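Novice: Spelled out from the first residue to the last, the chains are:
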Amino acid sequence: MKSSARELTYAEAIRDAFAVALERDPRVLLLGLGVPDPKGFFGTTLGLQKQFGADRVMDMPCAENGMTGVMLGAALNGLRPVINHQRLDFALLAMDPMCTQAAKWHYMFGGAMKMPVVFRMIIGRGWGQGPQHSQCLHSWFAHIPGLKVVMPTTPHDAKGLLLAAIEDDNPVVFIEHRWLHHLKGEVPAGHYTVPIGPARRARAGRDVTIVAFSYMVLEALEAAEKLAEDGIDAEVIDVRSLRPLDQSLLLASLRKTGRLVVADTGHSTAGMAAEILAIAGESAFGSLRAAPRRVCFPDCPTPTSPSLSAEYYPRAGHIVAAVRATLQRPPNDDDLLVPAGAELDKPNPAFTGPF
Amino acid sequence: MLAAATLPPTVATALSVRLLESMVRIRFVEEAIARHYAGQQMRCPVHLSIGQEAAAAGVCAALRADDLAMSGHRSHAHYLAKGGDLPAMIAELYGKATGCCQGRGGSMHLVDLAAGFVGAVPIVGSTIPIATGLAFADRQLKRDRVTVAFLGEAATEEGVFHESANFASLHALPLVFVCENNLYSVYSPMHVRQPAHREVWQLAAGHGIAAHQGDGNDPLAVHELMHAAVAHARAGRGPVFLELKTYRWREHCGPGFDNHIGYRTEAEYLAWRERDPIARFEHRLQQSGEFDELRHAQFKDAVEAEIAAAFAAAQLAPFPAGTSLLHHVYAES
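If you read the protein sequences in the order shown, they are chains A and B.
Reminder that position 23 of the first sequence reads as 23 in my numbering, one-by-one numbering, no gaps.
Here my numbering runs 355 ahead of the position in the second sequence, where the first position is 1.
Heads up, a few of these hints could be off.
[Unchecked claim] Derived pair list, reagent style DSS-like, types lysine-lysine, alpha-carbon separation capped at 25 angstroms: (1) A:346 x A:226; (2) A:39 x A:226; (3) B:655 x A:50; (4) B:497 x A:114; (5) A:256 x A:226; (6) A:184 x A:346.
Hints were generated in silico from the structure; no laboratory data involved.
Predicted, not measured: the structure shown is a model, and the values here were computed from it.
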């Protein structure tokens with residue numbers, strides 16, 4: 001369907017996926033605080049209520065915990081709901097229905113019922129999102145058997161994985177990063193899915209494997225370009241699906257490069273990067289030619305002030321530095337230089353606050 | 356005038372007999388669980404409803420077979436009154452492959468979809484929003500079913516109760532909240548949990564929900580309240596909340612009694628035993644001439660035989676194979 005591909009932003013791709021799903025299946029229901037708001041939930045739901053009606057594109061009481069439970073009941077009884085959270089932090093109010101109920105429902109009742117529900121949440125960053133609007137807790141969900149967890153990076157994958165999540169008969173946690181919403185890319189029109197599970201090779205290379213999650217894939221690709229200037233050829237893997245996790249692409253890459261850097265948008269302790277390192281150690285130990293490295297958030301909450309958040313978030317330069325270490329190259333102080341005038345708390349130079 | 360003996364049973368009599376038999380069957384099943392529990396073969400927590408049977412019997416007798424119900428940790432009575440399969444329940448308590456959850460759930464996770472019993476879970480209050488969602492989907496899909504959310508009074512202290520009540524009221528969902536107030540959350544009495552100057556049903560009334568309080572040990576009174584509640588909900592007039600006052604006889608969890616450990620008094624327990632829903636109702640039917648002693652004796656024999664068969668089958672049934680450990684983690688699309 002090459003002829004039907006056109007360039008959309010990530011946010012437009014999400015909206016496109018919703019429109020396709022609502023059109024194809026009358027059981028699909030979108031619910032969330034502000035889903036039909038005038039700004040369209042960062043543009044991801046614009047116009048959908050007008051097109052599909054207020055009983056399928058619904059606002060809700062400010063009750064994340066209860067309403068998540070209500071959507072589980074709706075999923076058990078014939079609907080395919082998507083519950084939307086403007087920040088992941090709000091979804092944490094619903095840990096019981098997501099992790100203790102939905103994730104176990106099919107198992108604990110011996111397969112008697114299916115739970116087709118999507119928990120969509122957005123990770124915030126920048127412009128002072130601070131301690132409670134920017135948590136990256138995908139590893140929490142990836143820890144839970146019975147959930148599927150995806151974090152698409154490209155507009156193409158955002159649409160394809162969202163449709164796959166809606167069509168899946170299991171609870172799926174769908175995590176977007178706010179700094180990806182403006183990203184543009186080719187997105188086919190109409191219906192298609194990207195299967196939940198396989199990772200994506202975002203860049204082929206032979207010297208080092210950079211495994212990255214969500215927004216950090218963009219930083220990893222920028223790092224690969226910088227490394228190429230020094231003759232270092234980096235492979236970048238976009239994990240896309242945290243549970244199930246595609247080990248085969250990762251291990252094949254490691255056997256080729258022998259070097260691993262993991263760039264996660266999240267804390268290092270007990271996080272997804274640690275999981276990737278564990279897989280490397282257990283299944284590709286003999287291939288490793290250097291100690292693997294993690295590029296993650298420091299062990300503190302996200303600060304609000306721009307001066308502190310600039311210190312907090314790792315960037316392409318941190319990945320470059322980590323790669324140099326795995327190659328036993330000397331550190332280069334230029335890696336972490338911030339260009340004059342750069343504003344690290346904005347997703348792009350055109351952005352103006354507030355979010 | 357026809358002789359009394361040749362009269363067809365009146366509708367009222369049929370209902371009374373049904374309520375009595377439903378309560379007796381629940382009591383006998385749970386007493387059998389208590390007896391067999393010492394064998395250490397039911398290796399899961401059990402929360403017995405003995406003393407609280409009237410609520411389950413009265414509520415479920417007012418439902419259609421295709422209406423739905425969900426419950427919490429103390430769900431045996433609700434499952435049985437709704438028509439849940441007895442052998443599948445007992446096998447589940449024994450952790451057997453023939454159990455209603457194939458051994459994945461145990462006593463705290465009963466389910467029988469054919470009977471409209473959509474499930475029970477032991478996290479207090481967690482099925483309240485899920486039951487609300489069942490009612491929401493039925494409304495969206497234009498089915499005329501009613502859903503019952505069984506809960507204890509402690510669940511009204513959980514946020515999800517209020518979130519569900521608000522949403523159900525907002526959308527006038529076909530839902531009945533049935534709250535059995537048995538005065539204790541495990542060992543914690545009402546006075547450390549809720550203000551004495553406010554009744555539980557008033558919480559629901561505060562959400563704009565029609566709310567009533569009744570004697571949870573009187574199956575006819577429960578049925579009358581529930582009959583009106585179901586009609587109200589099914590007619591699209593919105594949810595109803597029923598607070599039913601009752602009392603758990605046995606220990607919070609397990610087959611025995613726990614009046615001696617100090618959280619409640621023997622005197623209180625004995626006072627509530629005087630209000631035994633079964634003995635009291637049986638006496639009432641005897642007084643009104645609705646009680647057929649022979650029929651009831653035959654019924655009890657039949658139930659004892661049914662229960663004995665269910666336990667025997669459960670004890671003989673195979674355990675789920677160890678190789679099935681990972682089955683059902685995910686549904687195959």
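Novice: Give a verdict on every hint.
Specialist: Now for the hints, and whether the structure bears them out:
no.	hint	in the structure
1	A:346 x A:226	holds (21 angstroms)
2	A:39 x A:226	violated (37 angstroms)
3	B:655 x A:50	violated (61 angstroms)
4	B:497 x A:114	holds (21 angstroms)
5	A:256 x A:226	holds (21 angstroms)
6	A:184 x A:346	holds (17 angstroms)
Hint compliance for this structure: hints 2 and 3 are not met, and every other hint is.
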